[in-house]
Amino acid sequence: ALLRPGRFDRLLRVRAPDAAGREAVLRACRVPLAGDVDVAAVAARTHGFTGADLAALLQEAALRAAEEGEGGAEAVTSAHVEEALVRARPTPIDPALDAI
Numbered sequence: 001a002l003l004r005p006g007r008f009d010r011l012l013r014v015r016a017p018d019a020a021g022r023e024a025v026l027r028a029c030r031v032p033l034a035g036d037v038d039v040a041a042v043a044a045r046t047h048g049f050t051g052a053d054l055a056a057l058l059q060e061a062a063l064r065a066a067e068e069g070e071g072g073a074e075a076v077t078s079a080h081v082e083e084a085l086v087r088a089r090p091t092p093i094d095p096a097l098d099a100i
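For what it's worth, full-length UniProt numbering labels the leading residue of the sequence shown as 1, then goes sequentially.
FYI, nobody ran anything at the bench for these hints, they're computed from the structure. For each residue, glycine too, the CB sits at the ideal point set by N, CA and C. There could be a bad hint or two in this list.
Claimed, not checked - Across the chosen pairs, the derived CB separations fall in these ranges:
| hint | residue 1 | residue 2 | range |
| --- | --- | --- | --- |
| 1 | ARG4 | ALA44 | 39 to 45 Å |
| 2 | GLY48 | ALA28 | 14 to 20 Å |
| 3 | GLY69 | ARG7 | 43 to 49 Å |
| 4 | ALA41 | ASP9 | 40 to 46 Å |
| 5 | VAL86 | ARG27 | 19 to 25 Å |
| 6 | ARG7 | ASP38 | 42 to 48 Å |
| 7 | LEU63 | ARG7 | 31 to 37 Å |
| 8 | ARG7 | ALA66 | 36 to 42 Å |
| 9 | ASP36 | PRO90 | 21 to 27 Å |
Please take these sequences and the hints and turn them into a complete structure.
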């Protein structure tokens, strides 16, 4: 049903954000970050990540913080972000987009 004519007539490709864009996405996420989290450094280490990938990264870090705090509203520390980064992988993007 989704592929019927008239539903989605155009395919719009969006590139992954640059470092400044990734930093903006990370700051826009509603995840409480501790003072030791260097958002610019996290943005620099997440080349190729989409906005959704970055949101998932912080959600994973928030889950780790919640587990550590036994369900309490713990702020995400740099250690939580590091743990999440170990498992995080960017969404594959078609390399042909770079030629456009």
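Evaluation of the provided hints:
no.: 1; hint: ARG4 <-> ALA44: 39 to 45 Å; result: holds (43 Å)
no.: 2; hint: GLY48 <-> ALA28: 14 to 20 Å; result: holds (19 Å)
no.: 3; hint: GLY69 <-> ARG7: 43 to 49 Å; result: holds (44 Å)
no.: 4; hint: ALA41 <-> ASP9: 40 to 46 Å; result: holds (41 Å)
no.: 5; hint: VAL86 <-> ARG27: 19 to 25 Å; result: holds (22 Å)
no.: 6; hint: ARG7 <-> ASP38: 42 to 48 Å; result: holds (43 Å)
no.: 7; hint: LEU63 <-> ARG7: 31 to 37 Å; result: holds (35 Å)
no.: 8; hint: ARG7 <-> ALA66: 36 to 42 Å; result: holds (39 Å)
no.: 9; hint: ASP36 <-> PRO90: 21 to 27 Å; result: holds (24 Å)
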